[in-house]
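Protein chains in written order, with this note's numbering: chain D, 1 to 101; chain S, 1 to 364.
Calculated from the structure, these hints are not laboratory results.
Derived DSSO-like pairs: lysine-lysine, alpha-carbon spacing no greater than 30 Å straight-line:
{"id": "1", "chain 1": "D", "residue 1": "Lys14", "chain 2": "S", "residue 2": "Lys175"}
{"id": "2", "chain 1": "D", "residue 1": "Lys24", "chain 2": "S", "residue 2": "Lys148"}
{"id": "3", "chain 1": "S", "residue 1": "Lys148", "chain 2": "D", "residue 2": "Lys69"}
{"id": "4", "chain 1": "D", "residue 1": "Lys69", "chain 2": "S", "residue 2": "Lys241"}
A few chain S positions that, by computed beta-carbon distances, are all more than 10 Å from chain D:
{"id": "5", "residue": "Ile2"}
{"id": "6", "residue": "His75"}
{"id": "7", "residue": "Gly88"}
{"id": "8", "residue": "Ala182"}
{"id": "9", "residue": "Lys185"}
{"id": "10", "residue": "Tyr189"}
{"id": "11", "residue": "Ile213"}
{"id": "12", "residue": "Asp227"}
{"id": "13", "residue": "Glu234"}
{"id": "14", "residue": "Leu265"}
{"id": "15", "residue": "Glu335"}
{"id": "16", "residue": "Gly342"}
{"id": "17", "residue": "Gly343"}
{"id": "18", "residue": "Gly346"}
From the three backbone atoms N, C-alpha and C, an ideal C-beta is built for every residue, glycine too.
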Amino acid sequence: MRIKTHPILSFEQKEEIVFTFEGKEVIGQKGDTIASALVNLGVDVFSYSIKLKRPRGFYCAIGNCASCKMIVNGKPNVKTCITKLEPHMDVKIQHDKGVYK
Amino acid sequence: MIEKDVLIIGGGPSGLCAASMLIESGLKVMIVDRGLSLGGQLVKQTHKFFGSKEQYAKTRGFDIAKILIDQVKDHGNLEVLQEATVLGLYKDKVATISYQNEYLKIKAKTIIVATGASEKFLAFENNDLPGIYGAGAVQTLMNQFGVKPADEIIMIGSGNIGLIVSYQLLQAGIKVKAVIEASSKIGGYKVHASKLRRLGVPIYTNKTIKKAIGTTRVEAAEIVSLDEKFNEIEGTSEIIKIDGICISVGLAPSYQLLDMVDAKLGYIPELGGTVALVDEKHMTTVDGIFSCGDSIGIEEASSAMMEGYLTGLYVSKYLNQDHSKYVELVRKYEESLALLRGGPFGSKTRKGLKDMKEMMADVR
Numbered sequence: 001m002r003i004k005t006h007p008i009l010s011f012e013q014k015e016e017i018v019f020t021f022e023g024k025e026v027i028g029q030k031g032d033t034i035a036s037a038l039v040n041l042g043v044d045v046f047s048y049s050i051k052l053k054r055p056r057g058f059y060c061a062i063g064n065c066a067s068c069k070m071i072v073n074g075k076p077n078v079k080t081c082i083t084k085l086e087p088h089m090d091v092k093i094q095h096d097k098g099v100y101k
Numbered sequence: 001m002i003e004k005d006v007l008i009i010g011g012g013p014s015g016l017c018a019a020s021m022l023i024e025s026g027l028k029v030m031i032v033d034r035g036l037s038l039g040g041q042l043v044k045q046t047h048k049f050f051g052s053k054e055q056y057a058k059t060r061g062f063d064i065a066k067i068l069i070d071q072v073k074d075h076g077n078l079e080v081l082q083e084a085t086v087l088g089l090y091k092d093k094v095a096t097i098s099y100q101n102e103y104l105k106i107k108a109k110t111i112i113v114a115t116g117a118s119e120k121f122l123a124f125e126n127n128d129l130p131g132i133y134g135a136g137a138v139q140t141l142m143n144q145f146g147v148k149p150a151d152e153i154i155m156i157g158s159g160n161i162g163l164i165v166s167y168q169l170l171q172a173g174i175k176v177k178a179v180i181e182a183s184s185k186i187g188g189y190k191v192h193a194s195k196l197r198r199l200g201v202p203i204y205t206n207k208t209i210k211k212a213i214g215t216t217r218v219e220a221a222e223i224v225s226l227d228e229k230f231n232e233i234e235g236t237s238e239i240i241k242i243d244g245i246c247i248s249v250g251l252a253p254s255y256q257l258l259d260m261v262d263a264k265l266g267y268i269p270e271l272g273g274t275v276a277l278v279d280e281k282h283m284t285t286v287d288g289i290f291s292c293g294d295s296i297g298i299e300e301a302s303s304a305m306m307e308g309y310l311t312g313l314y315v316s317k318y319l320n321q322d323h324s325k326y327v328e329l330v331r332k333y334e335e336s337l338a339l340l341r342g343g344p345f346g347s348k349t350r351k352g353l354k355d356m357k358e359m360m361a362d363v364r
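Go ahead and model the full structure; you've got the sequences and the hints to work with.
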């Protein structure tokens with residue numbers, strides 16, 4: 001959910017960006033990272049752990065912990081917390097180590 | 001191969017300040033930074049800084065970032081690579097960088113590693129569930145991107161970051177159900193704690209999180225009381241319903257790139273754990289590779305800036321292209337740094353730096 005009122009910061013409505021998440025068309029905002037757009041949409045699970053297949057969200061949001069890795073435009077292991085959201089990006093939950101197709 | 005006089009890894013407060021001194025000295029500098037914008041962690045800090053005018057006191061973090069960026073912006077001697085990750089660093093002062101789906105190689109006469117720090121994690125059951133964030137991540141989401149990480153949250157850790165971020169969560173309209181602290185004392189400044197308490201946020205000492213509860217995301221947390229030896233007291237378990245857990249248990253210096261070039265490391269708890277050893281001119285044990293800011297010891301952004309300015313100046317001398325006001329500026333920034341580390345809150349850093357000096361003498 002977007003923050004609407006804030007005593008210090010102002011978050012004006014920005015240009016919408018259409019992208020796909022798990023094959024469905026969804027909407028983010030200009031200035032978003034992939035991760036911030038997904039959290040706004042209420043997405044919890046970004047990937048699954050390799051061995052035990054446990055759900056993973058993200059932890060650090062600065063590109064350090066790698067818990068937010070997803071498949072973006074077919075490329076696996078993209079750190080979505082430091083990747084700018086672009087129009088028509090195809091974002092998918094990652095279930096494995098990451099395979100280039 | 002791109003060639004530069006100085007490659008600075010990290011465009012946060014210390015990296016930017018180092019850059020400003022170096023470009024003023026006429027050196028060709030490149031900053032490589034992983035994030036979307038320069039400024040490091042300052043860009044999400046909405047609180048006003050302490051310290052003196054020189055360290056931009058009473059200015060909000062994100063405004064300080066703007067000041068520091070403006071100091072170096074559009075300068076002919078500076079090139080900035082944004083959204084670029086350094087993958088490898090080599091002793092001959094070459095760095096391999098992943099940038100826009102390509103690998104770049106940069107060779108520099110000197111390298112400054114200003115990679116900052118990363119958040120420490122905490123061991124408890126189900127600590128990997130989505131909805132469990134580092135305090136910095138929550139700050140990034142709210143203050144940089146304007147997105148709420150959760151509706152109801154608990155904060156683990158009552159250091160300054162834990163307290164300040166709790167307050168910022170309230171400002172963003174998120175309910176902070178409690179701040180949990182394992183030790184018997186609140187870690188951060190009393191003024192921050194009082195502010196939270198006035199707003200009705202309870203701060204519990206001698207308590208910790210035992211378990212996160214949930215299936216695909218966190219739904220509740222189990223909290224237990226601790227005795228003076230940090231052992232769980234039986235029968236004290238309570239469940240708090242929340243949809244977010246924020247972990248703020250300290251920072252660890254990002255020394256990994258310096259480890260790649262075999263710079264000597266040391267374990268100094270007062271500086272945040274393992275750090276690369278540096279001399280009084282911030283040079284590591286590898287000739288020509290320097291480090292400054294949180295990557296060589298956890299302090300505040302104010303100290304990181306002063307260290308950055310100094311490292312920039314030291315490097316200008318190392319390259320025999322001294323800044324025109326070298327002596328004057330070195331004195332000025334050394335004095336401010338000593339002042340910042342002077343008071344009772346600086347005692348940990350002072351002890352850490354003393355240990356650093358002794359370890360450095362041993363390896364030489």
